[in-house]
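Participant: Got chain A sorted already, so can you dock chain B onto it with the hints?
2 protein chains.
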Amino acid sequence: MTATRSVLAAQATDFPRWYQDVIAKAELAENGPVRGTMVIRPYGYGIWELLQQAMDRRIKAAGAENAYFPLLIPESYLQREAEHVEGFSPELAVVTHAGGKQLEEPAVIRPTSETIIGEYLAKWVQSYRDLPLLLNQWANVVRWELRPRVFLRTTEFLWQEGHTAHATAAEARAYAIKILQEVYREIMVGHLAIPVVVGRKTRRERFAGAVNTMTLEGMTGDGKALQLGTSHELGQNFARAFDIGYLSAEGRREHAWTTSWGTSTRMLGGLIMIHGDDAGLRIPPLAAPTQVVVLAVRDETLEAAHRIATDLRAAGVRVQVDTRTDQPFGRRAVGWELKGVPIRIEVGPRDLESGVATVVRRLRLSDKAPVELATLTSTVAEALAADQAWLLDQAAARQSARTTPVATVEEALEATDWVTIPYDAVGEEGEDRLAEAGLTVRCLQRPDGTLPTEDDERGLIAYVARAY
Amino acid sequence: MTATRSVLAAQATDFPRWYQDVIAKAELAENGPVRGTMVIRPYGYGIWELLQQAMDRRIKAAGAENAYFPLLIPESYLQREAEHVEGFSPELAVVTHAGGKQLEEPAVIRPTSETIIGEYLAKWVQSYRDLPLLLNQWANVVRWELRPRVFLRTTEFLWQEGHTAHATAAEARAYAIKILQEVYREIMVGHLAIPVVVGRKTRRERFAGAVNTMTLEGMTGDGKALQLGTSHELGQNFARAFDIGYLSAEGRREHAWTTSWGTSTRMLGGLIMIHGDDAGLRIPPLAAPTQVVVLAVRDETLEAAHRIATDLRAAGVRVQVDTRTDQPFGRRAVGWELKGVPIRIEVGPRDLESGVATVVRRLRLSDKAPVELATLTSTVAEALAADQAWLLDQAAARQSARTTPVATVEEALEATDWVTIPYDAVGEEGEDRLAEAGLTVRCLQRPDGTLPTEDDERGLIAYVARAY
Numbered sequence: 001m002t003a004t005r006s007v008l009a010a011q012a013t014d015f016p017r018w019y020q021d022v023i024a025k026a027e028l029a030e031n032g033p034v035r036g037t038m039v040i041r042p043y044g045y046g047i048w049e050l051l052q053q054a055m056d057r058r059i060k061a062a063g064a065e066n067a068y069f070p071l072l073i074p075e076s077y078l079q080r081e082a083e084h085v086e087g088f089s090p091e092l093a094v095v096t097h098a099g100g101k102q103l104e105e106p107a108v109i110r111p112t113s114e115t116i117i118g119e120y121l122a123k124w125v126q127s128y129r130d131l132p133l134l135l136n137q138w139a140n141v142v143r144w145e146l147r148p149r150v151f152l153r154t155t156e157f158l159w160q161e162g163h164t165a166h167a168t169a170a171e172a173r174a175y176a177i178k179i180l181q182e183v184y185r186e187i188m189v190g191h192l193a194i195p196v197v198v199g200r201k202t203r204r205e206r207f208a209g210a211v212n213t214m215t216l217e218g219m220t221g222d223g224k225a226l227q228l229g230t231s232h233e234l235g236q237n238f239a240r241a242f243d244i245g246y247l248s249a250e251g252r253r254e255h256a257w258t259t260s261w262g263t264s265t266r267m268l269g270g271l272i273m274i275h276g277d278d279a280g281l282r283i284p285p286l287a288a289p290t291q292v293v294v295l296a297v298r299d300e301t302l303e304a305a306h307r308i309a310t311d312l313r314a315a316g317v318r319v320q321v322d323t324r325t326d327q328p329f330g331r332r333a334v335g336w337e338l339k340g341v342p343i344r345i346e347v348g349p350r351d352l353e354s355g356v357a358t359v360v361r362r363l364r365l366s367d368k369a370p371v372e373l374a375t376l377t378s379t380v381a382e383a384l385a386a387d388q389a390w391l392l393d394q395a396a397a398r399q400s401a402r403t404t405p406v407a408t409v410e411e412a413l414e415a416t417d418w419v420t421i422p423y424d425a426v427g428e429e430g431e432d433r434l435a436e437a438g439l440t441v442r443c444l445q446r447p448d449g450t451l452p453t454e455d456d457e458r459g460l461i462a463y464v465a466r467a468y
Numbered sequence: 001m002t003a004t005r006s007v008l009a010a011q012a013t014d015f016p017r018w019y020q021d022v023i024a025k026a027e028l029a030e031n032g033p034v035r036g037t038m039v040i041r042p043y044g045y046g047i048w049e050l051l052q053q054a055m056d057r058r059i060k061a062a063g064a065e066n067a068y069f070p071l072l073i074p075e076s077y078l079q080r081e082a083e084h085v086e087g088f089s090p091e092l093a094v095v096t097h098a099g100g101k102q103l104e105e106p107a108v109i110r111p112t113s114e115t116i117i118g119e120y121l122a123k124w125v126q127s128y129r130d131l132p133l134l135l136n137q138w139a140n141v142v143r144w145e146l147r148p149r150v151f152l153r154t155t156e157f158l159w160q161e162g163h164t165a166h167a168t169a170a171e172a173r174a175y176a177i178k179i180l181q182e183v184y185r186e187i188m189v190g191h192l193a194i195p196v197v198v199g200r201k202t203r204r205e206r207f208a209g210a211v212n213t214m215t216l217e218g219m220t221g222d223g224k225a226l227q228l229g230t231s232h233e234l235g236q237n238f239a240r241a242f243d244i245g246y247l248s249a250e251g252r253r254e255h256a257w258t259t260s261w262g263t264s265t266r267m268l269g270g271l272i273m274i275h276g277d278d279a280g281l282r283i284p285p286l287a288a289p290t291q292v293v294v295l296a297v298r299d300e301t302l303e304a305a306h307r308i309a310t311d312l313r314a315a316g317v318r319v320q321v322d323t324r325t326d327q328p329f330g331r332r333a334v335g336w337e338l339k340g341v342p343i344r345i346e347v348g349p350r351d352l353e354s355g356v357a358t359v360v361r362r363l364r365l366s367d368k369a370p371v372e373l374a375t376l377t378s379t380v381a382e383a384l385a386a387d388q389a390w391l392l393d394q395a396a397a398r399q400s401a402r403t404t405p406v407a408t409v410e411e412a413l414e415a416t417d418w419v420t421i422p423y424d425a426v427g428e429e430g431e432d433r434l435a436e437a438g439l440t441v442r443c444l445q446r447p448d449g450t451l452p453t454e455d456d457e458r459g460l461i462a463y464v465a466r467a468y
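Residue numbers (UniProt numbering), protein chains in the order written: chain A, 1 to 468; chain B, 1 to 468.
Chain A with its partners taken away, still in its complex shape:
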């Protein structure tokens, strides 16, 4: 098995290379022909579909409705919000020709949809009765990336982007926080088993056009940070640029307050980098398209393998049967480990005679155990629940062990993993110094770990790290 495992670079030796190897060997994705684009293969897309369903349910529970806005945005729309156009201009893909002719006004492929959705919010919001207006869309966006990396930073990616309009700043803020805490945080922790640090960005790291950006940051296996989702208070910036106004109950014309928030296929990159090990992927059971693979060791155990699978499916488990009895057993077993399937059940002839099958859990590979066929379903259900919790615990333990409190920028510059540091000791000048060394302030928290608002200026704690 060692030989086959060496198809992957070791994490400790070359983490980025390991990441690329896993993506290729587990058949998650490939590079597309246009630079920086990606092809998401069925196994990777299956993980995305489950994640999307879980996220979509929570977004709807938070009151937002799905809609769909066009891919192509008139170039002039982006220019209406000064910071927004400055932030996104370098990344735009521009359609200049269509239908065999040069276009009168070039159209950009959406890098995000604040502008085009702003145009329609302005039409749909007339009175305070129309507020809040809560929209979400599942879409592809294009941002020209200089240093692309599959899932983490691709020229095209898939995401959901929420856009809402509210009557007051307080309501807009409360909703942006609700999405962050009740939708995003719950999905990261509950579905992906990823512990996250939740905070707000510094001015330097804000979304272009926002008055406040809040974020969730996870720690990768090599001790770096990965931004997994953001939620923005946009103040009245876009409401003024697109004239999103309403008549208040008192009959006054007011500008609305808007928010936007997004999570993307980057979460798949997080899943890989945060849970993977030298044997490959480890997928939390709730996020796994295949939770259990039943591996028929020989032809004569195929029927029993199918019977076990049928029982498990009836219990609501997502099961696949590996019928490739003409291929070497070891290679098949290692292949499933590489793909991170939480549980493998090996059905061999001798085991069957004793009324058992061998259960191997991806999290405890050395721990093969014979389980009586009669109790297989309950054993599997318990193992899936336990392993979901265990992955979260492991990631949380690592994050805690590899986060060091420091007092000065000098100490932060010397650290290898994450540090926490009083933000008053950093400041915008300190951020510049960190940036020169490839470090960023990932987010700010209050000393008690809670989320500061945009008004909290002093006494905050900064998380500083290298980031993907």
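Any given hint might turn out to be false.
Because identical chains share one entry, a pair is satisfied inside a single copy or across any pair of copies.
What the hints assert, rightly or not - Pairs of lysine-lysine, DSSO-like flavour, derived with a Cα cap of 27 Å:
#1 Lys123 <-> Lys25
#2 Lys25 <-> Lys60
#3 Lys60 <-> Lys178
These are calculated hints, taken from the structure and not from any lab test. Source: prediction; values computed, not measured.
Facilitator: Chain B in isolation, oriented as in the chain A frame:
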């Protein structure tokens, strides 16, 4: 109520105008800012989501897996298949600049993905053991439309496109037919309540690059035809262009046989045009995001309205409560009729005293009936099932009544709705004459109504109609 209904043009007077009015007033969609694009509003998107889920389940049951391929395709890919590039070139949107620079090779926005998927099928298919390879993707595509119409023909639309590779022509054909009959036809008839004529296209109407295109055609309220989905046998055209080859069991290198098949947001246009009436939309219950609206007539019946909704939801019905007691009752009622919600339950104070609520079915607006609260749930369940069937019956009766068999092209030219005519009496020359009069051969069937293969040349029946 008459006054409010007149927000819609009458179908008999101006069907295209009625169509536009319904889309606007029922808040299904709007035009986008770039010519020919559309914004799908939450109500329209809700119908799409349900349709998508139903279609996705059937596609998966047919063995295909979802994946995702890039939006941007190198221009050179399209040029590899001669007919394909000729067919699609006039409709392409081209990205010439990105990331602030002119691109070395322009990229086109996918108008369909045979070429880019072909490139990857070539990598993934090596041996006969890799076949069949069955893929599907949900995506947006862009085709520059000269005469756009919301849902029916838009510059950008949403769709699913399936792409498969097989070892033999017979297997490819069988799968293309399976998708047509077991996925598409079942969804049109079973979910959308749309009766369809299933046949193959003439050479003139084939997909660019296909050796055979099969289609499903529905009849709109004004007696025209609407193509609702297509399934193509691509022969070895794309396999040769992209070198999709495999080593056979006998050790010979062979080209694969491929298929592609698609359905799109155009189905929403079909739903509107096929089922709508002068009062607005009529949505088949299985396809309706809101199957029942419970309308509280006054404030004092709000609680009862919510209680009724809770009971219905517990029975699996999709329910919305209309709490807008400050707005005129008539306008609210007509609004729900316009949106095509299958059942409206009016909860008024006097009714409540008698232990009843008034049930109004969208298909029988004049037929208001008091229903005892205790039997409401079962009454609603029966009505939903009956109305799903009734919409299909109505559409089928119209299609049958407005299809006339004729013997000559001259007679076909005089007809107002659909005609059937022996294709031997038409031929390619006759098709040209029909085309001059704005008529097309929608599809060919065998005399017994079954699907001809690409080899059936003589003795076929042609459906001829004007089409959207």
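Participant: Please go over all the hints and tell whether each is borne out by the structure.
Facilitator: Hint-by-hint comparison with the structure:
Taking CA atoms no more than 27 Å apart as the test, Lys123 paired with Lys25 passes between copies only; the shortest distance there is 14 Å, against 49 Å inside one copy. Taking the closest pair of Cα atoms, Lys25 and Lys60 come within 27 Å of each other only across two copies (24 Å); inside a single copy the shortest separation is 35 Å, beyond that limit. In this assembly of identical chains, Lys60 and Lys178 lie within 27 Å of each other by CA distance solely inside one copy; the values are 12 Å within and 35 Å between copies.
Going down the numbered hints, you'll see the structure goes against none, and every one checks out.
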